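The sequence shown begins at 0 in numbering that gives the first Met the number 0 and counts up one residue at a time.
It is worth saying that the hints were derived from the structure and are not from the lab.
Keep in mind the model is a prediction, meaning the values are calculated, not measured.
Cβ atoms here follow ideal geometry from the backbone N, Cα and C, with glycine treated the same way.
Hints are supplied without guarantee of correctness; some may be wrong.
Per label pair, the in silico range of CB-to-CB distance [said to hold, decoys possible]: (1) Y41 x T2: 35 to 45 Å; (2) T26 x E51: 18 to 28 Å; (3) D11 x S35: 18 to 28 Å; (4) A66 x A29: 15 to 25 Å.
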Amino acid sequence: MTTDRTLTIAADQVATVARILRHSIATDAAEIRRLSILGTAYHDRPAGRDVEPELDAARRRREVAEAMLAQLEP
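Could you build the full structure based on these sequences and the hints that come with them?
This is how it looks when you write it as structure tokens:
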């Protein structure tokens with residue numbers, strides 16, 4: 000279930016919010032790389048299969064942050 004919401008950001012805070020979103024995207028990208036490597040290295044063991052939910056969650060977080068950043072940038 001998705002609920003659309005509107006968030007008003009003061010003009011002088013847009014750059015700060017954009018910086019936070021870029022940091023979030025970079026952090027999630029690093030987490031995706033780490034989990035992908037772990038999953039590849041241990042694909043035949045339980046540890047490798049257990050990364051899928053975390054990997055999906057990191058991808059979703061990155062996608063949300065990218066969509067929000069796209070709304071901020073002209």
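Do the hints match the structure? See the list:
For Y41 and T2, the hinted distance range of 35 to 45 Å is satisfied, since their beta carbons lie about 37 Å from each other. Range check, T26 to E51: about 19 Å between beta-carbon atoms, so the 18 to 28 Å window is met. One distance hint, 18 to 28 Å for the beta-carbon pair D11 and S35, is violated here, with the actual separation near 38 Å. Here the CB-CB span from A66 to A29 is close to 19 Å, well matched to the stated 15 to 25 Å.
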